[in-house]
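Following the hints, position chain B against chain A.
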Amino acid sequence: MKQFVADVLENSVVAKDYREVFVRWPDEVRVPFPGQFLSLRVNRSTVPFLRRPFAVASFDKPLRVASIIYHVRGPGTEILSRVQPGEKLDLLGPRGFYFRTGVQNRPFLVGGGTGTGPIVYAANSLAERGYKPLLVLGHRNSASFPQLRLNPEVRLQKCTDDGSQGFQGTVVDYLSTLSTEAIRDGFVWACGPQAMLKALHNWAHPRGLPCFVSLEQIIACGVGACMGCTVETVDERKFVRVCTEGPVFDSEAIKWT
Amino acid sequence: MDLSFTLRGRKFTSVVGVASGTFGYGKEYEGLLDFQFIGAIYTKAVTPEPRMGNPSPRLVETASGLLNSIGLANVGLEAFIHDKMPFLRTLPSAVVVNVAGAVNEDYERVVETLEQVDGIHGFEINVSCPNVRHGGMALGTNPRLVAEITRSLRSRTKKPLILKLSPNVTDIGATAEAAEAEGADAVSCINTLVGMVIDIGSKSPVLPLGTGGLSGRAVLPVAVAAVYKVSRRIKIPVIGIGGITCWEDAIQHLLAGAKAVQVGSATFANPRLAQEVYEGILAWGSAEGLESAGQIGGLLGSLHA
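Respectively, the protein sequence lines represent chains A and B.
Those letters in the first sequence? Residues 995 to 1251, by the numbering used here.
Those letters in the second sequence? Residues 55 to 359, by the numbering used here.
A couple of the hints might just be wrong.
[As the list claims (entries may be wrong)] Partial pick of chain B residues on the chain A-facing surface, computed with a CB cut under 10 Å:
{"no.": "1", "residue": "PHE77"}
{"no.": "2", "residue": "GLY78"}
{"no.": "3", "residue": "GLU82"}
{"no.": "4", "residue": "GLY85"}
{"no.": "5", "residue": "PHE89"}
{"no.": "6", "residue": "GLY107"}
{"no.": "7", "residue": "PRO111"}
{"no.": "8", "residue": "ARG112"}
{"no.": "9", "residue": "THR116"}
{"no.": "10", "residue": "SER118"}
{"no.": "11", "residue": "GLY119"}
{"no.": "12", "residue": "ARG271"}
{"no.": "13", "residue": "PRO275"}
{"no.": "14", "residue": "PHE322"}
{"no.": "15", "residue": "PRO325"}
[To be verified] These stretches of chain A come out as covered by chain B in the derived footprint (C-beta under 8 Å, 3 or more residues):
{"no.": "16", "region": "1040-1047"}
{"no.": "17", "region": "1230-1236"}
Honestly, the hints are just simulated from the structure, not real lab data.
We put the beta carbon where it would ideally sit given N, CA and C, even for glycine.
Isolated chain A, as found in the complex:
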């Protein structure tokens, strides 16, 4: 993890209320793993007071360009949305426990809302390593689907609440239509709203599929110092920090409330 300044190359709309910002990745900073995050300082003022954590949405190795996809929904992302190409961003990262493969070889990658960016990066990374991931993305409607750059080996299944694109229903509704045979030897990686992750855990767990989820939490320091971003685990004596032990966790370790 380093604190560094990166040049903004592009900051454009990718869906309704969603934008993607691309930065030039300095040579001295190592390549971020899928699921790892960056803490952005959007300006030099005290409003907002904290950095904003975002998981990496893409990394172009030859060009050394990284991106994050963000939902414009508060003062921090509002300021970020006005950053122009040629300006600089103050970044802290890459950081955190990331998505790691196990012995299973059929990946189901599930994303929703702001979790779309990081899960797309994870899907593309798996494809580069010879996996054939099924990427299941859920959004409210077709307007909120970001434009994606997918490896051809990634199979995409869109789901919308209103059926305006792809399957009508939630990502878990879709996964529930798959046969036992179709999910054999599968594993799940997911990033998205808490309710989606919980439903996904409840789907994967009884079917014996390892399920790793990237959790969102308000993060203050982003380096493991402040103990502010903790979540509860099934071990009654233990909280874990999203910024340090996470953001990616085995869903079985989390106490879902």
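Showing chain B alone in chain A's frame:
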């Protein structure tokens, strides 16, 4: 210009410290700034036993500030000694252990145990945490109880003893005087202010316990006023803390009468803050023709009313 700071005969290489709860146990910020500039690391609070802390959410961002309810989550005395001290000992910064507990015996046990541990330069007694039901602020808002715990800890340590004051009182000078009278070497001024944020959607406080402790730039004027007031009531040094987000803020604390400062939650946005504050004080003081940081308080003009 001399930016060192001496307490009970112990020299701290810089007047700039990093505040308890915002800098973990030091290791978390390894590689992000030069520790040479940090005079003292005030550790995450240490209690006799490990503490999980409060349920989440523990944080709410506010206008130029942060409301927290961490609840003294920490690894406990044994793990602090065995897991955290080995790294802290390697640093050029002094290590001041922030001590917390539910009852006086907790504070006594931590201080007594750590008195024998190599590499600890002093103690900062947290009688001002607003996020625990016992100990913490319940102690620090009562001058009689502050006197009692100071006396008890004074008899247990020869190291610098610093009482961290709560601003959530009518007269912060009274608690400062109680600490001084019983042998404290300094006071840190101030801990967080009690605050609440309500979500008007759910019509509930955002933090599970309702209130939390407010820090950040928003509290700077409150902290500066407290430093000003306290430094005129006691002779022992005041360590200014609260709202420092740049070197200019630190100069305000020093002009108000602080002999040293701590930077706190603004480190989250700017990990190099302590270093920048050091460099800023040095440049400003040199331009003012000062020989030491200790002279800054003397520059404050008199009041006009």
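Hints, verified against the model:
| no. | hint | in the structure |
| --- | --- | --- |
| 1 | PHE77 | holds (6 Å) |
| 2 | GLY78 | holds (3 Å) |
| 3 | GLU82 | holds (4 Å) |
| 4 | GLY85 | holds (7 Å) |
| 5 | PHE89 | violated (14 Å) |
| 6 | GLY107 | holds (6 Å) |
| 7 | PRO111 | holds (6 Å) |
| 8 | ARG112 | holds (5 Å) |
| 9 | THR116 | holds (7 Å) |
| 10 | SER118 | holds (4 Å) |
| 11 | GLY119 | holds (6 Å) |
| 12 | ARG271 | holds (4 Å) |
| 13 | PRO275 | violated (13 Å) |
| 14 | PHE322 | holds (5 Å) |
| 15 | PRO325 | holds (6 Å) |
| 16 | 1040-1047 | holds (count 6) |
| 17 | 1230-1236 | holds (count 3) |
When each numbered hint is compared with the structure, violations occur for hints 5, 13.
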